[in-house]
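The lines below spell out each chain.
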Amino acid sequence: MTLLSIEGLGISFGGLKAVNDVSFTVKPGEIVSVIGPNGAGKTTLFNMISGVYRPGMGKVVLNGEDVTAMSPHLLARRGMCRTFQNLQVFQSMTVLENTIAGYHLQESGHVLSDLLNLPASRRRAKAAEAGARELLKRVGLERAAEREAGSLSYGSLKRLEIARAMALKPKVLLLDEPAAGCNAVETEEIDHLIAEIAASGVAILLVEHDMKMVMRISNHIVVLDHGEKIAEGDPASVSRNPAVIAAYLGAENAAG
Amino acid sequence: MKTFLTTTALIALAMPAMAEIKLGASISATGPAAFLGDPELKTLEMLVEDLNAKGGINGEEVTLIAYDDNGDPNKARTFATRLVEDDEVVAIIGGTTTGTTMSILAVAEDAEIPFISLAGAIDIIDPVKPYTFKTPHTDRMACQKIFEDMQKAGITKIGMISGTDGFGASMQAQCKTVAPDYAIEIVADETYDPKDADMTAQLTKIKGTEGVQAILNPGFGQGPSIVTRNYKQLAIELPFYQSHGVASDGFIELAGTEAAEGVRLPGTALLVAGLLAADDPQKPVVDAYKAMFEEKTGTPVGTFGGYAHDAFLIMTDAITRAGSAEPAAIRDAIEATSGLAGTTGVYTFTPEDHLGLDLTAFRMLEIQGGKWTLVQ
Amino acid sequence: MSELLQFLLSGVTVGAVYALVALGFTIIYNASDVVNFAQGEFVMLGGMITVFTYAAGAPLPLAALVAIVATAALGVAMNKLAIEPARGAPVVSLVIITIGVSIFIRGAAQLVFDKQIHSFPAFSGDDPLRILGATILPQSLWVIGGALAVFVGLWLFFTRTLLGRAVLATSNNRLAAQLVGINTPFVMTLSFALSAGIGALAGVLVTPITMTSYDVGLAFALKGFAAAMLGGMGNPKGALVGGFLLGVLEGLTAGYLSSQYKDAAAFIVILGVLFFLPQGLFGRKSTDRV
Amino acid sequence: MRLTPKSVTLLALVVLIALSPIFFPSGFYYRIGALIFVNALAVTGIVILTGWAGQISLGHAGFAGIGAYACALAPVHWGIHPALAVVLGAAISAVLAWLVGRPILRLKGYYLAVASLGMGILISMVLNNERELTRGPDGIDVAELGLRGVLKDAGLDLSNGQFWYFFCGIVLILGAWLALNLRDSATGRALRALHGSEVAAKTVGMDVARLKLQAFVISAVYASVAGSLLALQNKFITPDVAGFMHSVEMVTMAVLGGVGSVAGAIFGAAVLTLLPQVLTVFAEYEQLVLGAVMVLVMIFLREGVVPSILRKIRGRGE
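Protein chains in written order, with full-length UniProt numbering: chain A, 1 to 256; chain B, 1 to 376; chain C, 1 to 290; chain D, 1 to 318.
In short, the hints are calculated from the structure, not lab data.
Do not rely on the hints blindly, as some may be mistaken.
[To be verified] Which chain A residues stay away from chain D? Per the calculated CB distances, all over 12 Å, these:
hint: 1; residue: 39
hint: 2; residue: 50
hint: 3; residue: 64
hint: 4; residue: 101
hint: 5; residue: 137
hint: 6; residue: 150
hint: 7; residue: 196
hint: 8; residue: 219
[Unchecked claim] If you anchor each label on the Cβ, the simulated ranges turn out as follows:
hint: 9; chain 1: A; residue 1: 146; chain 2: D; residue 2: 153; range: 48 to 58 Å
hint: 10; chain 1: D; residue 1: 76; chain 2: B; residue 2: 126; range: 49 to 59 Å
hint: 11; chain 1: A; residue 1: 14; chain 2: C; residue 2: 111; range: 51 to 61 Å
hint: 12; chain 1: B; residue 1: 281; chain 2: C; residue 2: 81; range: 33 to 43 Å
hint: 13; chain 1: C; residue 1: 111; chain 2: B; residue 2: 59; range: 30 to 40 Å
hint: 14; chain 1: D; residue 1: 25; chain 2: B; residue 2: 368; range: 24 to 34 Å
By construction, the Cβ of each residue, glycine as well, lies at the ideal position given by its N, Cα and C atoms.
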């Protein structure tokens, strides 16, 4: 049973093929990681799947529906949510408000009801706040609830972004480098969090640089290089794949 | 907020306490009508100083409390309220534009304070309101004066090019209303924005209109100067009329002697002071004002400063005659003004007429060789 | 036929004025992403300082030079006192700051100069040139020539000189520009001096046509801003095309439709263009980076 | 009851409006108060649009113009009561904002600024040029609201100045209450969220285009009602109410006081309304001072006066 299926996705920027003909599938409760050297096109791929970029070719199918190039807010209604590599939190709002924002689809009613502060609006706001506090507890940020998000540490912001995404109760969660910039302890915390979310039946698509983490938690790995899928399989088979080793060594040699 | 209010209160209290007769003014000394308001304010300040140096009115000193309303009617209303409620003036002069005048008028009428406006529209005094008077000719009279002249020349079809500012738009509308009285048909009707750089498109369109015999340009500021230059540029040979809005030497200078040659407009005695007959009733007052203003400011007199001069003259004359600085007494005395020569004309107010001028006060002028001349 | 030509010439004259003002916007925007609403005041200063210097007895070319240099110096002062200290402020704050500067300059001008309308003689006389039955004033050619010259100068500056590229680099990424050794404070100073100087030059060229007074700046700024946005902010080609397009539109609307609504036509076209090209005609396309 | 920032703001507002008249040396101060309240109402709309949703408008005076002219024209031409004309003006403004907002809110930054500027100029142009209907730049009389007479018959005799002071004050309190409700609601949170990051707002399911449009429409209604109140109070209105400088004034008031907060907006409105009154003695320098204040506040109190001061106080408290 496939939840998310990527079919021949590709895009070019100014004649340069950033991603070309990439296909794979994700099942509920599965953690699929996309790896590859810097500039392999991982984030671009994510941006296409999540509707930020319009793909030049291919399809994204969610739950049997073609959702290619659909606006992110419509994808959210269909159960897809994501986090960002370079952090997109609402800086001038409190941590709690950031998390409540994740409840937007459940919380929002008519704007007139909001203006007049009608009981319906109050009730929904209260429910969202309760849920948000619960989530903050789960990611360990309950003590920071009233602080302005901009004042949090990098690792905390990463967890905040995940909490906000979880508030949507997504079927598919796209995580773009959730552990980047985190120390070992923080990485492990995020590690557990992701495993827990997957265990609850959410399909997780992950871009991550921390190879140890990827190997530890992934069920399935897709490897990109120069925008092309060069390998795919379980962690063990991928780590032995000569093409993958060559790509990484090549990249490191070039970088070094 | 409270501290600000107290600050204003202190400033208000700090006004000189020796004032005997408090005159209020709300003038557009800055903003889009500054071209008109600036000489008006300078005139009032100069005249008050001069009056007090001569001993004031009936031995009492006159204090002028003048506010700059930026030509904003909303501000004008606020300043009028301040003049009435806070400064407790006995009369108000001002309202450079019709918009600001209408705002002040409402306040003055409510508070029963006499008010002399410096703006053109006929609506200000028609219908007559008990406390409101005005010194400038109405723009309708300017149209009538011009159309009279056209009629004499046998002109029946004209084109108009008007500014979209209050002055131009109001006169444009009035001219359209009275044109049929003079058997004149307006066959082309164009406008320009006061800040436009070039009006050849509009003039070309008018020029190309079938049967146009003359062109009239109501407006003030730089617009009419540009229209006049474009007129010459397009070599339009038709008689060209400007409005009293540009009746000052500055217009000839800006439009250029060559381009301005032959332009006719209805003006006041002020522009042709040197040409007035020795027995002209306006001659003494015109000469005196011209000399005083030009010495004081170093800029040539214009019609608009003259309006302020006349308003001040009427006001002080009325207070003198009333022998009292009570608003109601002043009002009655203004309404009884008769045969008072100002720079604009000779004023005679009646309960039915709060303008007090007729068409004879306008003189048809023509520019020749860079000088104003009287059309006989 | 000669009517159409006259409408076009009228439009081109006005358009050249807009283009000159719009070009002034380009440099500051390129260096700092600030749209300087005080640009119109530079135009006013160019005209007014020339008027007063000329009236004081200086020959016209010298008076014009004084005006351009003085205005450029003022531009530098504006950068140092009002723009540099507000680095990183949101767009709306920058709009308020530059409008504040423009109100300040206007307030100062009314005190230093006066509230009268002024002009000075056209450079090559007032005898109109005739082209197929239509006419144009020699001064209009000066303005058109000025706009073209400034455009070519800017285009060469931005594409052919190291300094011009440094300006562009500073706009794209200030930090990176600093890292590769570009003296960014100097680039900013230079851009404000250039922008103000071009604004003053515009004022010198257009005053014999439009006249000047202490409060003409706002109208210039609005039309120049509209022209620059129509063409796509930051691109000298956009400023030039936007300016002429706006002017010709106004001329044709005044001639064929309604002179009352010629400004309306201009803004409707701007709204229409932005609807299809949200970055203007020649603007840089931007993508969200996430 | 817990003292939330919302109830503190509202309480302070009520107390200020109710008690300030005790200190008024003359009837003129009622006029100033009423003007401050009207301006503050319009600026509260800007707070919603610019402060929370992060969208710039340089054309909101256009909506004030619609509200004002609805009160001038509807009673004369269609025999509608002035009070209903306020509602009519607000409805027209809302519909227009909805129609115009859809295309222009796709634009960002300066492009949105120029588009909204164009919209405002078009409205003011219609008011200036359609002389047959609006009587052009010289302005038009506005009918009496009539509520003061009703109150007088009911035994509450207020001067004209007093009536408008309290009437506008009450409308402002209502407007502030609605805005503060919105701020902490799902919609308000979403507006502030999309200001922070549009792309993140989208990923949590926020319909960004629709939200921006809602903010635009709401702020247009605020401006429209403010315009109506101004017209009814002055009993006379000119197209200046829709002019570019009025739009700039609204934004300036909002930004000076603190565009993110309703209290800041009211403060900004108060300062800029009082400034010309305080400076009358130095009227020549008014422009100079206004310009300098705008620049200095934006440099030294970036978030606006009220939020910057609150932050300093809080910072010291910690």
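To see whether the hints hold, each was checked on the structure:
no. : hint                      : verdict
1   : 39                        : holds, 21 Å
2   : 50                        : violated, 7 Å
3   : 64                        : holds, 20 Å
4   : 101                       : violated, 5 Å
5   : 137                       : holds, 20 Å
6   : 150                       : violated, 9 Å
7   : 196                       : holds, 20 Å
8   : 219                       : holds, 24 Å
9   : A/146 x D/153: 48 to 58 Å : holds, 52 Å
10  : D/76 x B/126: 49 to 59 Å  : violated, 19 Å
11  : A/14 x C/111: 51 to 61 Å  : holds, 54 Å
12  : B/281 x C/81: 33 to 43 Å  : violated, 58 Å
13  : C/111 x B/59: 30 to 40 Å  : holds, 37 Å
14  : D/25 x B/368: 24 to 34 Å  : violated, 58 Å
The earlier numbered hints that this structure contradicts are 2, 4, 6, 10, 12, 14.
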